[in-house]
Amino acid sequence: MKQLIKKYLEKIKPDFMPDGRLHSFKSVYDGFESFLFTPDTTSRSGVHIHDSNDSKRTMIIVVIALIPALLFGMYNVGYQRYLSIGVENPLFWNSFFYGFLAVLPKIVTSYVVGLGIEFASAQIRKHEIQEGFLVSGILIPMICPVETPVWMIAVATAFSVIFVKEVFGGTGMNIFNVALMTRAFLFFAYPSKMSGDNVFVASDSILGIGAGNVVNAYSGATPLGQIATHAGGDLHLTGITGEPLTLWQEFLGLIPGSIGETSTLFILVGAAILLFTGVANWRIILSVFVGGFVMCWIANMFPSEAYPGSLISPVEHLCLGGFAFAAVFMATDPVTAAHTDTGRYIYGFLVGVMAMLIRIYNTGYPEGAMLAVLLMNAFAPLIDYCVVESNVRRRMRRAKRALKNE
Amino acid sequence: MLNKKNRAVLFNPLSKDNPVLVQILGICSSLAVTAKLEPAIVMGISVTAVTAFSNVIISFMRNTIPNSIRIIVQLVVVAALVIIVDQVLKAYNYEVSKQLSVFVGLIITNCILMGRLEAFALANKPWPSFLDGIGNGLGYGIILVIVATIRELLGSGTLLGYHVVPQWLYELGYENNGLMILPPMALITVACIIWAHRSKNKDLQETN
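From first to last, the protein sequence lines stand for chains A and B.
Residue numbers for the first sequence follow the numbering used here, so the first one is 2 and each next one is one higher.
Residue numbers for the second sequence follow the numbering used here, so the first one is 81 and each next one is one higher.
No wet-lab data here; the hints were simulated from the structure.
Keep in mind it's a predicted model, so treat the numbers as computed, not measured.
Hints are supplied without guarantee of correctness; some may be wrong.
[What the hints assert, rightly or not] Which chain B residues face chain A? A few, computed with CB under 7 Å, are given here:
id: 1; residue: Gly253
id: 2; residue: Asn257
id: 3; residue: Gly258
id: 4; residue: Leu259
id: 5; residue: Glu286
[As the list claims (entries may be wrong)] With a cut-off of at most 30 Å between alpha-carbon atoms, the simulated BS3-like pairs for lysine-lysine come out as follows:
id: 6; chain 1: B; residue 1: Lys282; chain 2: B; residue 2: Lys84
id: 7; chain 1: A; residue 1: Lys57; chain 2: A; residue 2: Lys7
id: 8; chain 1: B; residue 1: Lys85; chain 2: A; residue 2: Lys27
id: 9; chain 1: A; residue 1: Lys127; chain 2: B; residue 2: Lys116
id: 10; chain 1: A; residue 1: Lys27; chain 2: A; residue 2: Lys127
id: 11; chain 1: A; residue 1: Lys127; chain 2: B; residue 2: Lys282
id: 12; chain 1: B; residue 1: Lys85; chain 2: B; residue 2: Lys282
id: 13; chain 1: B; residue 1: Lys116; chain 2: B; residue 2: Lys170
id: 14; chain 1: B; residue 1: Lys84; chain 2: B; residue 2: Lys280
id: 15; chain 1: B; residue 1: Lys84; chain 2: B; residue 2: Lys96
id: 16; chain 1: A; residue 1: Lys27; chain 2: B; residue 2: Lys280
id: 17; chain 1: B; residue 1: Lys84; chain 2: B; residue 2: Lys170
id: 18; chain 1: B; residue 1: Lys116; chain 2: B; residue 2: Lys96
id: 19; chain 1: B; residue 1: Lys116; chain 2: A; residue 2: Lys194
id: 20; chain 1: B; residue 1: Lys96; chain 2: B; residue 2: Lys280
Glycine included, C-beta positions come from ideal geometry on N, C-alpha and C.
Please take these sequences and the hints and turn them into a complete structure.
Written as C-alpha cells, this is what we have:
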C-alpha cells in the first residue's frame, strides 16, 4: 500500500513542477507528500540537527489530545438535548449520534474555510503549505456554542485566518491565538449567538433524531450564566432541567456549555497526552490553574452579593466554563505564549488571575478565559523581554563582583 | 484657471497623494465618525469646507504673518471656521451634529488641516491653495464614505438609514455584524483599503 502511494506520488510529480500543467497546485502537492512521507530535503548550509518530530507531527499530537474532549463534547451535546426534551437516561449511542451530527458540520466548515485560505495564500506567496491550521480547525468548533450557525463559523474563521495569521506572515508568526480570535470575533460580532441562555443547548431535532418539545422546567442557562444573572439569595447551580448540580457532574462535564469545554476530566486526559509527549509545557498549565485558584480563593475570602461569582468555591470555579480548556489547549500555544521558563510561570499565573478576575468581578462577561488568554498573548513578548533583560543584568552584576574580588 | 499644475493640485490628493491612504493623516476621525454613512458624508463636507477656506485665508496673509507666530495665526483662522461650521450644522442638521458631537470641534486638531496650511498655503497663491484644500478635503471625504458604506452595510444592514439588506435574508438566519460598529473594525477596514490601494499603485510601496 505504502509503496503504491509513493509510486503514484512520484508519477504525478512532474505535473506539479514549475513547467507542468498543474504547477499552480504545487504547494498542495508538497503539502500532501510531506504529510504522508518524511520529506527528503536536507539543509543546505551550516550544521543542523533534525528531529523527526517536525511541526506536522506536533500538530497531530495536539489533535489526538483534543479527541477525548471532542468525543465527550459530542456525547454531551446529545445528552443535554435529550434532557431538555424530558428523556432522563438517554441511550449512550443516541446521545452520541445526535451530538456527532450537530458538531460534524462545524468541524467540516472550519477546516474547509481555514485550509482553503491557507492553501490559496501558500500558493500565492509560493510558500510551502503550513500545517498550523490542523489544530485551529478542530479547536474552533470546540469553543463555540452548539447553536452557532455554520455560516458564522465560516465568516469568523476566514477573518481570523486572514487578519490574525496570514497578514502577520503565516503559521508561527501570529501574535494572537487564531482559534481564540475566531471566538472573540464571533463573541463581539454576533453576541446574541455566543452568549445567553438559548445557545448552549441544541434546540432542534437533526434528521428526526432528538425530536420532541422541551420540558416545563427547562432553562438553557449555563452554570456561569446562572452565576452572572444571580439576583440575590442563596446561589444553587442547577442543570438545564432544574436539578441541582454536583461537583462530580461539573468535573465530568455533564453541564451545558461550549461543545468541547465542559469536561474537565477529558481535558485533563488531553493534558496528560500533551505532557507525556512533551508538546505542551507543564509550567504554563500548572501556573494557569494556580493563578485561577488563587484568584478564586481571594474572591471567596470576601464573598459579596454584588459579585455572585465570589460565592462559589475555588475548586468548583476551576471545573466550570472554559477555564480548564483555555489552560490546557489555549494558553500553551507555543507560538503565542511566553518562551522563557520564568516567563511561562508569570504568563500562566496572570492568565489564571485575569480569567477569574473577569469572570467574578466583571458581571458583563460570564466567562473570562478567552479574554484573559488574548490579553496575555499581547504581553507575552514583554514578559520574555523582561525575563531576559533581568537575567543579563544579574550576570553583569556577578561578573563585576568577580572582577572586583580579584 | 485649471491649467495642468492646478489640475494636479486638485486631483492628486484623491488617490496618489491621498491624505488618509498615503499620508496616514486624519485617522482618528475616520475611525470615529464612520459607523454610519450620513455623519461621514457631513464630516467629509465640513472638513473640505474648512480646509479650502482656511487655505485661502492663510494664503492671502502668507506674506504678512510673522514666522514665529504662524501656528497661532493658523489656529485662530481654523478655529473661527470650525465654529462657523459647527453652528451651521447645529442650525440646519441638529441630529447629525449630535452624532458627530466633539468631532466637529476636533476638526481643529485634524492633522490634514495644519499639514496643508504649513505645506501648501504658506507658499502658494490663494487660487491653487483653494484647489489644494478642496482636493485634500475630498480625498479625506472619499475614504470616509467608502469606510462608512462598508461599516453601515455590514454592521447595521442599512445605508443612509434605509434598509438595504432584504428581509428574507434575515429570515434565513443572517445577522448584522456587531463588530463592524465598533472602532477596531474601522481600523481593519481602513487597513484593507490601504492594502488594496498600495497593491494597485506599485510606486507607493515601500521597499525594505
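Quick rundown of the hints versus the structure:
1. A cut of 7 Å between beta carbons decides the hint on B:Gly253: the least distance to chain A is about 5 Å, and the hint holds.
2. Taken as an interface hint, B:Asn257 checks out: its beta carbon lies about 5 Å from the nearest beta carbon of chain A, inside 7 Å.
3. A distance limit of 7 Å between C-beta atoms decides the matter here; for B:Gly258 the minimum to chain A is near 5 Å, and the interface restraint holds.
4. Look at B:Leu259: its Cβ gets to within about 4 Å of chain A, closer than 7 Å, so that hint holds up.
5. Below 7 Å, beta-carbon pairs count as interface contacts, and B:Glu286 has none with chain A, the closest being about 16 Å; its hint is therefore violated.
6. A threshold of 30 Å between alpha carbons decides the hint, and for B:Lys282 with B:Lys84 the separation of about 24 Å falls inside it, so the pair holds.
7. A distance of roughly 19 Å separates the Cα atoms of A:Lys57 and A:Lys7; the hinted pair therefore holds under the 30 Å criterion.
8. About 50 Å separates the Cα atoms of B:Lys85 and A:Lys27, which puts this hinted pair outside 30 Å; it is violated.
9. A C-alpha spacing of about 40 Å is found between A:Lys127 and B:Lys116, which places the hinted pair above 30 Å, so the restraint is violated.
10. A distance of roughly 9 Å separates the Cα atoms of A:Lys27 and A:Lys127; the hinted pair therefore holds under the 30 Å criterion.
11. Our distance criterion of 30 Å between C-alpha atoms is met by A:Lys127 and B:Lys282, whose separation comes to about 20 Å.
12. At most 30 Å may separate the alpha-carbon atoms for a hinted pair to count; B:Lys85 and B:Lys282 meet this at roughly 23 Å.
13. Between the alpha carbons of B:Lys116 and B:Lys170 the distance comes to roughly 18 Å, so the proposed pair stays at or under 30 Å and holds.
14. With a C-alpha separation of about 24 Å, the suggested pair B:Lys84 and B:Lys280 falls inside the 30 Å cut-off, and the hint holds.
15. With a C-alpha separation of about 16 Å, the suggested pair B:Lys84 and B:Lys96 falls inside the 30 Å cut-off, and the hint holds.
16. Using a Cα cut-off of 30 Å, the hinted pair A:Lys27 and B:Lys280 holds, with the two alpha carbons roughly 27 Å apart.
17. This hinted pair does not check out: B:Lys84 and B:Lys170 have alpha carbons roughly 39 Å apart, beyond 30 Å.
18. Distance restraint check for B:Lys116 and B:Lys96: the Cα-Cα separation of roughly 26 Å lies within the 30 Å cut-off, and the hinted pair is therefore satisfied.
19. About 24 Å separates the Cα atoms of B:Lys116 and A:Lys194, which keeps this hinted pair within 30 Å; it holds.
20. For the proposed pair B:Lys96 and B:Lys280, the alpha carbon gap of about 11 Å is at most 30 Å, so the pair holds.
The structure fails to meet hints 5, 8, 9, 17 from the earlier list, while all remaining hints are met.
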